[in-house]
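Trainee: Given next are the chains, with one letter for each unit.
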Amino acid sequence: MQEILEVIFNINTFSAAIRISVPLVFAAIGGVFSERAGIINLGLEGMLLTGAFAGVLGSYLTSNPYIGILFAIMAGAFIGFIFALFTIKFEANHVVAGVGLNILMLGITTWLMQILWGSRGTSVNVTGLGEITIPILSSIPILGKLFGSHNILVYVMFIIVIFSWIILFKTPFGLRLRVVGENQEAADTLGIKLRKIQYTSLIFSGVLCGLGGAYLSLGQLNWFSMNMSAGRGYMALAANIFGGWNPLGAFGASYLFAYTDALQMRMQALNLNVPNEIIQMIPYILTILVLAGAMIRSRPPAGLGKHYKTNR
Amino acid sequence: MKRFWKQGIEFEMIKIFKKYENSIYSFTAILLAFLVGSILIHLSGFSVIKAYSALFDGAFGNVFNLTQTLMNTIPLIFTGLAVAIGFKSGLFNIGGEGQMYLGAFATAIATIYLSFLPVYILIPLVLIIGGLAGSAWGFVPGYLKAKTGAHEVVTTIMMNYIGILITSYLLLKYFKEEGPIPQTALIPESARLPELVEYSRLTWAIFIAVFVIIIIDIFFKRTELGYKIQTVGENRSAAEYAGINSNKMMVLSMMISGFVAGLAGSTIVMGVLHRFITNFSPGYGFTGIAVAVLGKNKPWGVLFAAILFGALQTGGITMQLFAKIPMDLIVIIQGLVILFVAAPILIKKLLRK
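The listed protein sequences derive, respectively, from chains D and F.
Residue numbering for the first sequence follows the working numbering, starting at 87 and increasing by one per position.
Residue numbering for the second sequence follows the working numbering, starting at 139 and increasing by one per position.
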């Protein structure tokens, strides 16, 4: 018992959770932007996977992981645009299109991996992102351990969390975006450039997933592997809901998921009498419980999942 | 009276046209998916003709290949039907994979304990047990959706992971056969479904699948319960207004859906593998989504879509083996079909040009 408590409150668990949370946080905020614009985004999973692949591809071609990040951003933006095209212009059912996109991107990334690197399991090793140590912060006892030394995407994540909260709740664009998600018709009547806002938020959503994906492949490992996102996109969507369609909430929820995941991994290492399969289930069970709990108290944007024809 | 007839005929004609129109869209969507696929094949430096002819040959080239296509069609009929049943009540059940694992596991274990029963009781009984296990797995997301509104796509995905882990745990802990492979012992001879063609592993399961299609078709067309479920799917508030308990209908449809997905697992164990093996599925549960979407959630539509994807699954192996073209092309085509079928406006625009 004492061993378990030690793991639960160990600073290393909290620090590992920050690392694990990064792709979830990016994707969850991507989910916030797209759902606030009225579009259910199950495509987060496929977008993450695309980002992970594009990141490795960029680093493979140029040996520069930062170019890899750029690739991931561009690929994410492109997929975000395609998803917007299908859900807005072609009026596809959001949920079906999202799942279709995920299956498509799983196929395409696995296919390209075999064409480029000849293996179906993992890609070749590429240059990953190095750690950046922040001078003064890293020498402070607890904070240093938590925030002192990470790769660039972790710091970008913290900036994005705050930045996107400001955009969403403190700028005219954010206000318009939220109006669109509540009621497209009303937004249209008010003269808001409905389509422009929806496309922008979905492309931004794709960019964020691109960054999250790049972290998965270039930040945590130095390679891409088949179906590397492994359901994180769906968890991120749950985190977005649990976080009340708010970037700060999405961050908190993602961190909670990441923390249980970190705990799960450390508990496996302890050789407790609990079988590994049961321990591995914890994050999935938690996602279900959290989602069920969250839905009771919060309300999604009223216009979520609806199609609306504008005359403009 | 004459006018009445005339109107009737016009109405029938419009109905036929509508029916036709849908098939044209679906057909165009498939064509478009293959077209995009061929661009990808070409850009990757392969011969498109070689790829598609290997694919076709592998699926239909000779009797054996044909039996393998049908063998792969069977689980897709079940998982496709499962997704379609969920859709009827407005729910998107992508937990077919997990429900199938539960069904397969329950059937494999049940045969061990029930092998003393005569065949004509044993086989239906273990099928039902497999179905019920899948049904239990479908109940959880259905109940949570009804009670709390938790989105079923997320919960069913999570249930997939949990289902695969829990069967693997139970197998390793209690039922693992001696040896390096994580699998149960072979199920008794009496619980195995007879083969239609020798050494093909194509069994009587195909008739069970068609039988289930008929039952589900009748269920939605002729029974009150089926009608109620569809009403909930079409318009939940209208259904509530008409006095239908929509929560109950959603839970029920998820349970029926899970039952049918469970049968996919049971028939694989009884017809193909003759045991439960961890990670046995090449993603039948997920392909079921494409099957249901392409089949427009209609039971007979599911049959045709399942044959198409069963053929792709089978042909894909040949394509990879002989033309050295990665069989993930099949997954790409699946994704494209789902996207294109989901967006009829795109197809309409293309056809108009």
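Keep in mind that a hint or two might mislead.
To be verified - Mimicking DSS-like on lysine-lysine, the simulated pairs with C-alpha atoms at most 27 Å apart in a straight line are:
| id | chain 1 | residue 1 | chain 2 | residue 2 |
| --- | --- | --- | --- | --- |
| 1 | D | K175 | F | K434 |
| 2 | F | K436 | F | K386 |
| 3 | D | K282 | F | K487 |
| 4 | F | K486 | F | K436 |
| 5 | F | K486 | D | K282 |
| 6 | D | K392 | F | K311 |
| 7 | F | K487 | D | K395 |
| 8 | F | K462 | D | K392 |
| 9 | D | K395 | F | K188 |
| 10 | D | K395 | F | K486 |
| 11 | D | K392 | F | K386 |
| 12 | F | K386 | F | K314 |
| 13 | F | K486 | D | K392 |
| 14 | D | K392 | F | K487 |
| 15 | F | K386 | D | K175 |
| 16 | F | K487 | D | K175 |
| 17 | F | K486 | F | K188 |
| 18 | D | K279 | F | K487 |
| 19 | F | K436 | F | K359 |
| 20 | F | K487 | F | K153 |
Stated by the list, open to error - Listed next, the stretches of chain D that the computed footprint assigns to chain F, with coverage defined by at least 3 CB atoms under 8 Å from CB atoms of chain F:
| id | segment |
| --- | --- |
| 21 | 319-332 |
| 22 | 339-347 |
| 23 | 356-366 |
To be verified - Some chain F residues flagged as far from chain D (calculated, every beta-carbon gap over 10 Å):
| id | residue |
| --- | --- |
| 24 | K188 |
| 25 | F254 |
| 26 | L310 |
| 27 | P326 |
| 28 | Y365 |
It is worth saying that the hints were derived from the structure and are not from the lab.
Just so you know, even glycine gets a beta-carbon here, dropped at the ideal spot from N, CA and C.
Trainee: Between K486 (chain F) and K188 (chain F), does the CA-CA distance stay at or below 27 Å?
Mentor: Given pair K486 (chain F), K188 (chain F) is violated - Cα atoms ~31 Å apart, limit 27 Å.
Trainee: Given the hinted pair K487 (chain F) and K175 (chain D), is their Cα-Cα distance within 27 Å?
Mentor: holds, 11 Å
Trainee: Given the hinted pair K395 (chain D) and K188 (chain F), is their Cα-Cα distance within 27 Å?
Mentor: violated, 44 Å
Trainee: Within a Cα-Cα threshold of 27 Å, do K436 (chain F) and K386 (chain F) meet the stated pairing?
Mentor: holds, 22 Å
Trainee: Please work out if K462 (chain F) and K392 (chain D) have their alpha carbons no farther apart than 27 Å.
Mentor: Status violated; Cα separation ~44 Å.
Trainee: For a C-alpha distance cap of 27 Å, please report whether K282 (chain D) and K487 (chain F) respect it.
Mentor: holds, 22 Å
Trainee: Sort out whether K395 (chain D) lies within 27 Å of K487 (chain F), counting only the CA atoms.
Mentor: holds, 16 Å
Trainee: Confirm or reject: Y365 (chain F) is not an interface residue toward chain D, with every Cβ-Cβ distance exceeding 10 Å.
Mentor: holds, 23 Å
Trainee: For F254 (chain F), is the shortest CB-to-CB distance to chain D above 10 Å, so the non-interface label stands?
Mentor: F254 (chain F) is indeed farther than 10 Å from all Cβ atoms of chain D, at 31 Å.
Trainee: Taking 27 Å as the top limit, are the C-alpha atoms of K486 (chain F) and K436 (chain F) close enough?
Mentor: Holds, at roughly 21 Å.
Trainee: Could you grab the alpha-carbon distance between K175 (chain D) and K434 (chain F) and see if it respects the 27 Å cut-off?
Mentor: Within the cut-off at roughly 21 Å; holds.
Trainee: CA of K392 (chain D) to CA of K386 (chain F), is that 27 Å or under?
Mentor: Satisfied, since the Cα-Cα distance of roughly 25 Å is no more than 27 Å.
Of the hints listed earlier, those the structure fails to meet are numbers 6, 8, 9, 12, 15, 17, 22, 26, in rising order.
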